[in-house]
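2 protein chains.
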Amino acid sequence: MVERVVFFVSDQTGVTAETLGHSLITQFAGQNFRQTTLPFIDSDDKANEAVRTINAAAEDAAVRPIVFSTMVQPDLREIVKTSAGLHLDIFDAFLQSLADEFDEAPEYRSGRAHGVSDIDAYMKRIEATNFALANDDGGVSRNYDVADVILVGVSRSGKTPTCLYLALQYGVYAANYPLTDDELENGKLPDFLLEHKHKLFGLTIAPERLREIRKERRPLGNYSSAQQVRFELREAEKIFRRYGIPSVNTTMFSIEEISSRILDSTGVERRVRP
Amino acid sequence: MVERVVFFVSDQTGVTAETLGHSLITQFAGQNFRQTTLPFIDSDDKANEAVRTINAAAEDAAVRPIVFSTMVQPDLREIVKTSAGLHLDIFDAFLQSLADEFDEAPEYRSGRAHGVSDIDAYMKRIEATNFALANDDGGVSRNYDVADVILVGVSRSGKTPTCLYLALQYGVYAANYPLTDDELENGKLPDFLLEHKHKLFGLTIAPERLREIRKERRPLGNYSSAQQVRFELREAEKIFRRYGIPSVNTTMFSIEEISSRILDSTGVERRVRP
Numbered sequence: 001m002v003e004r005v006v007f008f009v010s011d012q013t014g015v016t017a018e019t020l021g022h023s024l025i026t027q028f029a030g031q032n033f034r035q036t037t038l039p040f041i042d043s044d045d046k047a048n049e050a051v052r053t054i055n056a057a058a059e060d061a062a063v064r065p066i067v068f069s070t071m072v073q074p075d076l077r078e079i080v081k082t083s084a085g086l087h088l089d090i091f092d093a094f095l096q097s098l099a100d101e102f103d104e105a106p107e108y109r110s111g112r113a114h115g116v117s118d119i120d121a122y123m124k125r126i127e128a129t130n131f132a133l134a135n136d137d138g139g140v141s142r143n144y145d146v147a148d149v150i151l152v153g154v155s156r157s158g159k160t161p162t163c164l165y166l167a168l169q170y171g172v173y174a175a176n177y178p179l180t181d182d183e184l185e186n187g188k189l190p191d192f193l194l195e196h197k198h199k200l201f202g203l204t205i206a207p208e209r210l211r212e213i214r215k216e217r218r219p220l221g222n223y224s225s226a227q228q229v230r231f232e233l234r235e236a237e238k239i240f241r242r243y244g245i246p247s248v249n250t251t252m253f254s255i256e257e258i259s260s261r262i263l264d265s266t267g268v269e270r271r272v273r274p
Numbered sequence: 001m002v003e004r005v006v007f008f009v010s011d012q013t014g015v016t017a018e019t020l021g022h023s024l025i026t027q028f029a030g031q032n033f034r035q036t037t038l039p040f041i042d043s044d045d046k047a048n049e050a051v052r053t054i055n056a057a058a059e060d061a062a063v064r065p066i067v068f069s070t071m072v073q074p075d076l077r078e079i080v081k082t083s084a085g086l087h088l089d090i091f092d093a094f095l096q097s098l099a100d101e102f103d104e105a106p107e108y109r110s111g112r113a114h115g116v117s118d119i120d121a122y123m124k125r126i127e128a129t130n131f132a133l134a135n136d137d138g139g140v141s142r143n144y145d146v147a148d149v150i151l152v153g154v155s156r157s158g159k160t161p162t163c164l165y166l167a168l169q170y171g172v173y174a175a176n177y178p179l180t181d182d183e184l185e186n187g188k189l190p191d192f193l194l195e196h197k198h199k200l201f202g203l204t205i206a207p208e209r210l211r212e213i214r215k216e217r218r219p220l221g222n223y224s225s226a227q228q229v230r231f232e233l234r235e236a237e238k239i240f241r242r243y244g245i246p247s248v249n250t251t252m253f254s255i256e257e258i259s260s261r262i263l264d265s266t267g268v269e270r271r272v273r274p
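Note that the protein sequences, when read in sequence, are chains A and B. Residues in the first sequence are numbered consecutively from 1, following the working numbering. Residues in the second sequence are numbered consecutively from 1, following the working numbering.
Be a bit skeptical, because a hint or two may be false.
Identical copies go unnamed one by one, so any copy, or any two together, can satisfy a pair.
Straight-line distance between alpha carbons at most 30 angstroms, and here's what the computed DSS-like set of lysine-lysine pairs gives [what the hints assert, rightly or not]: (1) K81 <-> K124; (2) K215 <-> K238; (3) K188 <-> K215; (4) K124 <-> K215.
Calculated from the structure, these hints are not laboratory results.
The task is simple: from the sequences and hints, build the whole structure.
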């Protein structure tokens with residue numbers, strides 16, 4: 001398969017260019033992509049250097065590179081566009097339509113999307129992250145009064161990364177509580193959780209997948225045995241049904257998907273926007 | 001200021017539509033935006049319901065809504081496009097250019113970008129997150145041999161959220177170590193850190209900003225006093241200079257920017273792509 005070099009070029013972090021480009025290139029299974037991010041291209045010199053980097057890759061390759069760019073400043077964008085790559089820029093594609101619609105000239109200021117211009121949003125994300133850490137794994141704090149959502153599930157069902165993602169991406173206060181052997185055996189949730197029943201959301205997962213994940217952590221013993229894993233998941237799902245707790249099976253989902261499904265299902269509002 | 005309703009519509013999570021749309025609308029300071037995400041629009045019925053939601057917003061508002069969409073499937077995209085909003089879709093804008101360039105028809109399969117289609121990437125992100133948690137705050141593990149980067153800095157300089165973001169977004173193994181009073185006073189780093197000197201990266205921050213952040217946690221006492229904060233930051237920066245540790249001042253940066261600057265400065269490779 002021919003290797004296709006892909007550049008994500010930005011006058012800021014490159015996160016938007018990466019996200020956009022990734023959504024597009026994953027539609028083409030017949031290509032083999034090598035991806036490089038060139039962030040902080042915020043001067044003529046750096047833009048010219050980016051062009052040299054792209055052109056060098058073009059000379060080494062059988063096919064021309066693809067350049068996904070998010071260059072706010074038109075003069076720098078024009079420099080990057082002189083490269084030998086196929087150049088796709090979101091500001092080129094969409095900014096004029098919005099300017100016409102709003103009847104307002106864009107500011108052409110870089111760093112507004114992921115800049116700390118909004119200190120308040122930064123603080124909210126940090127505080128939500130601290131909340132997730134303090135309320136991880138049934139944590140000591142149990143500040144469930146201020147939680148937006150409390151994830152429940154067996155060990156390694158994806159609770160912690162999901163809580164952290166909800167915090168970092170959306171500023172949402174997500175706690176998580178791992179179901180204990182006691183709870184799985186008697187099928188009852190503790191009162192301190194039931195007080196917040198409307199905030200509970202269950203995570204479940206296919207037994208085979210959970211075994212793989214647990215084996216990474218502890219290859220031997222009951223923790224990752226087929227019998228134990230099946231028992232825990234069956235009882236957890238019974239608990240969700242018993243109390244009417246909405247749940248999602250995380251087997252085929254990424255962290256982004258699990259998070260989006262939780263927000264969509266619960267109606268919890270994003271406190272910040274990425 | 002007129003309120004402008006913005007929809008992010010996707011047959012998947014909506015993360016790409018949110019990221020793209022946010023980059024664009026933040027260029028217009030004269031508008032007041034109200035943002036709503038409509039994820040998992042993956043059937044005719046849901047697409048028609050999304051159109052009804054958008055049209056209802058259009059009727060209530062003085063100006064038409066903006067619809068940022070990432071609808072992979074052309075037939076669903078066509079339904080969404082019948083809404084009364086201004087419709088901007090990245091697949092409309094870019095997919096054909098790429099198909100022509102690759103001489104390959106796109107798969108039109110949704111969920112490839114943030115799907116768990118790549119189980120390996122999911123596992124890498126989870127493992128990196130577990131690594132960050134185990135090696136947080138100078139943590140018990142200190143698995144610095146396998147760390148990609150070790151962030152050092154005073155308490156509340158942004159180390160933990162940055163490590164978690166690097167793990168969740170890029171699968172990078174990031175540990176962090178808070179400088180202790182002892183180290184700040186004698187200006188020396190412990191041997192277990194110096195063994196990995198090439199992995200160290202410093203975070204610093206403006207004293208006023210750090211005070212604000214610390215006051216959120218502990219309003220009174222030495223921890224958030226002007227004198228203490230200035231002392232710690234001055235000594236931390238001396239340590240960075242003494243050992244030639246690259247550093248970034250996080251005062252005006254978001255978590256995304258801090259993370260991108262670390263990757264850019266250290267050359268640490270992303271293990272997964274968002």
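Hint-by-hint comparison with the structure:
When the C-alpha separation of K81 and K124 is checked against a cutoff of 30 angstroms, the pair qualifies neither within a copy, at 37 angstroms, nor between copies, at 34 angstroms. Proximity of K215 to K238 under the C-alpha cut-off of 30 angstroms is restricted to the intra-copy arrangement: shortest distance 25 angstroms within a copy versus 44 angstroms between copies. With identical chains, the CA atoms of K188 and K215 are at most 30 angstroms apart within one copy only, with a shortest distance of 28 angstroms there and 40 angstroms across copies. Taking identical chains as interchangeable, the C-alpha atoms of K124 and K215 lie at most 30 angstroms apart only when they sit on different chains, with a minimum of 15 angstroms there against 36 angstroms within one chain.
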